[in-house]
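There are 4 protein chains.
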Amino acid sequence: MPDMPSSTRSQNKQQLLNRLRKIEGQVRGIYRMVDSDTYCVDVLNQVAACRAALSRVGVLLLETHIQGCVVQAIKDEDEAVAVDELMEVIRRFI
Amino acid sequence: MPDMPSSTRSQNKQQLLNRLRKIEGQVRGIYRMVDSDTYCVDVLNQVAACRAALSRVGVLLLETHIQGCVVQAIKDEDEAVAVDELMEVIRRFI
Amino acid sequence: MPDMPSSTRSQNKQQLLNRLRKIEGQVRGIYRMVDSDTYCVDVLNQVAACRAALSRVGVLLLETHIQGCVVQAIKDEDEAVAVDELMEVIRRFI
Amino acid sequence: MPDMPSSTRSQNKQQLLNRLRKIEGQVRGIYRMVDSDTYCVDVLNQVAACRAALSRVGVLLLETHIQGCVVQAIKDEDEAVAVDELMEVIRRFI
Numbered sequence: 001m002p003d004m005p006s007s008t009r010s011q012n013k014q015q016l017l018n019r020l021r022k023i024e025g026q027v028r029g030i031y032r033m034v035d036s037d038t039y040c041v042d043v044l045n046q047v048a049a050c051r052a053a054l055s056r057v058g059v060l061l062l063e064t065h066i067q068g069c070v071v072q073a074i075k076d077e078d079e080a081v082a083v084d085e086l087m088e089v090i091r092r093f094i
Numbered sequence: 101m102p103d104m105p106s107s108t109r110s111q112n113k114q115q116l117l118n119r120l121r122k123i124e125g126q127v128r129g130i131y132r133m134v135d136s137d138t139y140c141v142d143v144l145n146q147v148a149a150c151r152a153a154l155s156r157v158g159v160l161l162l163e164t165h166i167q168g169c170v171v172q173a174i175k176d177e178d179e180a181v182a183v184d185e186l187m188e189v190i191r192r193f194i
Numbered sequence: 201m202p203d204m205p206s207s208t209r210s211q212n213k214q215q216l217l218n219r220l221r222k223i224e225g226q227v228r229g230i231y232r233m234v235d236s237d238t239y240c241v242d243v244l245n246q247v248a249a250c251r252a253a254l255s256r257v258g259v260l261l262l263e264t265h266i267q268g269c270v271v272q273a274i275k276d277e278d279e280a281v282a283v284d285e286l287m288e289v290i291r292r293f294i
Numbered sequence: 301m302p303d304m305p306s307s308t309r310s311q312n313k314q315q316l317l318n319r320l321r322k323i324e325g326q327v328r329g330i331y332r333m334v335d336s337d338t339y340c341v342d343v344l345n346q347v348a349a350c351r352a353a354l355s356r357v358g359v360l361l362l363e364t365h366i367q368g369c370v371v372q373a374i375k376d377e378d379e380a381v382a383v384d385e386l387m388e389v390i391r392r393f394i
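Chains as they are written, first to last, in this note's numbering: chain A, 1 to 94; chain B, 101 to 194; chain C, 201 to 294; chain D, 301 to 394.
Treat the hints with care, since some could be wrong.
Claimed, not checked - Facing chain A, according to a computed beta carbon distance under 8 Å, are these residues of chain D, among others: (1) Leu317; (2) Val341; (3) Ser355; (4) Val359; (5) Leu362; (6) Gln367; (7) Asp378; (8) Val381; (9) Arg392; (10) Phe393.
What the hints assert, rightly or not - Each pair of labels, with its calculated beta carbon distance range: (11) D:Arg321 / A:Ala52: 29 to 37 Å; (12) A:Asn45 / D:Ser310: 43 to 51 Å; (13) B:Ala180 / C:Asn245: 31 to 39 Å; (14) D:Glu388 / B:Asp178: 42 to 50 Å; (15) B:Arg156 / D:Asp342: 21 to 29 Å; (16) B:Ser136 / A:Asp84: 39 to 47 Å.
If you are wondering where the hints come from, they were derived from the structure by calculation, not from laboratory data. On a predicted model such as this, the values are computed, not experimentally measured, just so you know. All residues carry an ideal CB built from backbone N, CA and C; glycine is no exception.
Take the sequences, apply the hints, and build the full model.
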C-alpha cells in the first residue's frame, strides 16, 4: 500500500486484526452452540451475524486495497492488471 | 429435532462441528495473512472462501431445522410460529 | 396452495403482481438511464434498488410456497420431495 | 468515461442495453407465471435467474465505471471523492 499515509495503513490493519479476533470467537461460540444442541434458529442467527461481520472485513480490506494498491498502480500508468484483478475480487464478493 | 432418525441427526451434527472447526482455522489463517501484510487480493480471496463456507454451514443448519423442528411443528398442527420463525431466518440470510 | 385461505392467497398474488409491474418499470428506467449516459453511480444505485425489490418478491413467493405447498405436503405425510425442493430453492437464493 | 476508447464505451453500452431489454422480458415472464398460478418453485427459479442477470449488469456497470470515471479521477489527482463514491456503491452491492 505504497501511497497511503502509514498511520492510516496501520490503523486499518489494527482494526482488521481486532475484527478477525472477534470473528474467530464468534465461530468458536457457534461451535459450542451446535455441540450443546442449542435451538437451531438461535444458531442460525449467530451464523448470519458472523457472515455479516466477515463481509464487513471484506469491504474494509477492499477499501484499503483500492486506496493503496489500485490508486498507486493507476498513478504509475500500470492500471490494466490492477483493474482486472479488482473486478475479479468484486465479482467473487457480489 | 424430534422426528429425524437420531443417526441422521448425529451425522449432521458431526459434519457441522467439523466444518466449524475448519472455518475457525480459516479465520485464524486470514488473521495471520493480515498480520504479515500478505497482498490484499490474496487475503480477499480467503475472506470470500471463508464466507462461502459459513453460508454452507447456514444452509446445512437450515436443512436440519426444516427436516426436524419445522416438519414436527406442522405435524403437530402447530405451524404458525414455526413458519414465521423460518421466514425470519431465511430473510436474514437472503 | 391448497391449505391457505383463498383470501390470503389472492391478496399475496395481487401484491406480487403489483410489485412485479413496478420492477418492470424500474428496469425500463435503468434502460433509459444507460441509453442517455446517466452518471454510472446513479445507474448502479438504481440497479441495487431493483435487485433488492426482486429479492423481496422472492421472499414473498417463498413464504407463499412454504405456507401453502410445503405445509400441505407435510400434512399429507408426503414431505420428502417438498423439503428437498425447498432446500434447492433456498440454496439458489443464498 | 473520458479515458476509455470510445469503441469500448459504446460496445459496453450496447451490451448493457441488450441485457436490460432481456431482463425486462424476464420480469414480464415472471408476471405472467404468477398471474397464471404457475407452480411456485418454477417461479422462484425464474426470480433467482433474473436477480443473477441483474447482478451481472451491476458488475458490468461497475467495471465500466472503474475503467472510465475512477481511473480518470485518479489520473487527475482528484481521487478522494471518486474512491469514496466507489466504496459506497460496492457496499450497497455486497
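Hints breached by this structure: Result: hints 1, 2, 7, 8, 9 and 16 break, sorted rising.
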